[in-house]
Amino acid sequence: MIDTFLSILRISLKAIMANKMRAALTSLGIVIGVAAVITMLAVGSGTQQSMNDRFSRFGTNTLYLRQPWDLDESISSPKDITMDDVRAVRKVNGVVAAAPYISSSFKVKYGITSTSIDVLATDTDIFNIYDWQLENGRTFTERDVETYAQVAVLGATVAETIFNDVDPLGKTVIFNEIPFTVIGVMKKSGQGGFGFDMDEGTLIPYTTGKVKMDTGWNNSDRRALDRVIIRVEDINDIENTKEAISNAVRNTHKIHPLGKDDFQLDDMASWIEEAKAASKTMSILLGVIGAVSLLVGGIGVMNIMLVSVTERTREIGIRMAIGATSADIRLQFLAEAVTLSCIGGLIGVLIGVGISLFIEAHSTNIPAHLSIISIFISFGFSAATGIFFGFYPAYKASKLTPIDALRYE
Amino acid sequence: MSLIETTDLYKTYAIGDVQVHALQGVSISIERGEFVAVMGPSGSGKSTFMNILGCLDKPTSGKYILDGIDVTSTELSKLAGVRNRKIGFVFQGFNLISRTTALENVELPMVYNHTSAKERKEKAMEALKAVGLEQRAYHMPNQLSGGQQQRVAIARSLVCDAPIIFADEPTGNLDTKMSIEVMDLFTRLNKEMGKTIILITHEPDIAEYAGRLITFRDGKKISDEVKK
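Those sequence lines, one after another, are chains A and B.
Taking this note's numbering, the leading residue of the first sequence gets 906, the next gets one more, and so forth.
Taking this note's numbering, the leading residue of the second sequence gets -19, the next gets one more, and so forth.
Be a bit skeptical, because a hint or two may be false.
Stated by the list, open to error - Derived DSS-like pairs: lysine-lysine, alpha-carbon spacing no greater than 30 Å straight-line: (1) K98/B with K919/A; (2) K101/B with K919/A; (3) K1301/A with K925/A; (4) K101/B with K925/A; (5) K58/B with K919/A; (6) K38/B with K1301/A; (7) K58/B with K101/B; (8) K58/B with K103/B; (9) K1093/A with K1181/A; (10) K1092/A with K1076/A; (11) K200/B with K43/B; (12) K58/B with K1304/A; (13) K919/A with K109/B; (14) K1181/A with K1147/A; (15) K996/A with K1165/A; (16) K200/B with K58/B; (17) K103/B with K919/A; (18) K157/B with K103/B; (19) K58/B with K1301/A; (20) K43/B with K1304/A; (21) K1076/A with K1093/A; (22) K38/B with K1304/A.
Simulated from the structure, these hints should not be mistaken for laboratory data.
All values derive from a computational prediction rather than experimental measurement.
Given only the sequences and the hints, what does the whole structure look like? Please build it.
Below, the structure is given as structure tokens:
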């Protein structure tokens, strides 16, 4: 039995080898399909992974309190987000930390070096929210905040750019003509992406920022903050905590129980849901593209197999006359179709893996992540394509009667 | 019991609206070890008769018993095994599989009856030796002369130890010298191996090799004579 199967397989291989050019062109459709599927799966899973990375670095247990960008017109006098809100939020059960957040881009000078950096004016609670590590010196203290100290904590990249080899601690840098003393340098965190990029930024006390910086900020405690960053204790209880925060802010803003919120509270979890939905849509789209290319490849295989059956009608007749059953003939042509598409699948896998690895290694803006499963899946699909599209031609061959097949010219 | 026994075979085709009565009641019995030539003009029904005897086609009515098997009541799909075990075919156009060595061509019937690869090779070599072509085992059909190709086909018909060889105009594509070679081979197979040989031809001098001559005309057997 095994010997018979192997012999029939060899017959199929021989038929393919007899028409190398034709086989190559036929499998090309499958090659392109499989390579496309692998590459797209790799890019898809890479995108998802890098998205997850960004989210997890940013922390899913953080909330943003801010004024809505598209404020409801029915709200007549919306209140700004102020330190009153920060203080109210800090008292809410389940809140670990809440920090004011005002960011702006400043020109910074040290000696003859001049560059533009992002400055975040905040208070000490920011260090309870983000997992930033100090490299050198110290962070600012409550006292620095209370005394409007002109101190700055630099991000790793900023320190490198401005000071090069010089030790920045104790040096004076000029932000918009105002001198600040460098009291600390942060470790490189390598995050970037969402939120504030510490590596590229600088922290100053928010009080100092308001008083000293010429940005329209002033010394009133009640002036607007960009937003409040909040860290909650338990991600699973985030809905209750959100509601409590919301009530606290409504209270501070003195909103009537029936009035609408004049603020917005965003949590990362809902952003993640949105991002997941988007990436799922993308996966479906990629799947459809892959399926279409395999379909086209499969039709190519079916087409050439029908030609092959017609060309070899007489051969089929001879085989039947000397004792081949319908099943033997069917197996022979099915094996030929599957071999054709598996050769295509194999080459497609090689090309797809090559492209994916190339993207993984050389491209910074398109992430790619090659998974073994995607290789097996796409190769499996190519074999399935061969079986599916090879079946009809093989069936057609097996249904010939020996006498008609032998007479075929 | 006769090896081949047909009773009142009829075969009717429809070509368009026209009914063609290819066979009209043919009853023949052939014994084991006979060498039979079948002659007749084209359209006489001899080819239809041979296709039915070779289990390649089925009669419209009548009965055909081959070596104890009732072929007429066997499904066409089950006849592959009967052809494999009982019948060897030799065709006018040789009908070897191209791009396949002589040895592999001879092995082919055994592929379909699940003989092991080793045994296949041994038996195929033996059959090639019987037709005097063991030196050409690894040649492709297009590297062989017509006579040699026909001998490969004969080796293929021997390899499953089938009792019957059907030869349909086996010398039709061969010159006189090669024809004589092939016909001598058939005679030897009949005499030495006891093969029953049924030969279709329209050449009287080829029919001369047979011990019995059956003639067809208009779908009927018109003569059946055994030579002394």
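For the pair we were handed, K58/B and K103/B, check the Cα-Cα distance against 30 Å. Judged against 30 Å, a Cα distance of about 25 Å means the pair holds.
Does the structure keep K101/B and K919/A at a Cα separation of 30 Å or less? holds (19 Å)
Taking only the CA atoms, is the gap from K58/B to K1304/A under or equal to 30 Å? Holds - the C-alpha atoms of K1304/A and K58/B are around 13 Å apart, at most 30 Å.
CA of K98/B to CA of K919/A, is that 30 Å or under? holds (20 Å)
Restraint check for K200/B with K43/B, where alpha carbons must lie at most 30 Å apart: Measuring from Cα to Cα gives roughly 16 Å; hence the hint holds.
Run the distance test for K101/B versus K925/A: straight-line Cα separation, threshold 30 Å. Judged against 30 Å, a Cα distance of about 28 Å means the pair holds.
Restraint status (C-alpha distance of K919/A to K109/B at most 30 Å): holds (26 Å)
Below or equal to 30 Å on CA atoms is what counts here, so check K1181/A against K1147/A. Since the Cα atoms of K1181/A and K1147/A sit roughly 22 Å apart, the hinted pair holds (cutoff 30 Å).
Check whether the Cα positions of K103/B and K919/A lie no farther apart than 30 Å. holds (23 Å)
Hinted pair K38/B and K1301/A, Cα distance within 30 Å: holds (21 Å)
Taken at face value, is the distance from the CA of K1304/A to the CA of K38/B at most 30 Å? holds (16 Å)
Satisfaction of hint between K919/A and K58/B, Cα-Cα up to 30 Å: Holds, at about 28 Å.
Violated hints: none; the structure is consistent with every hint.
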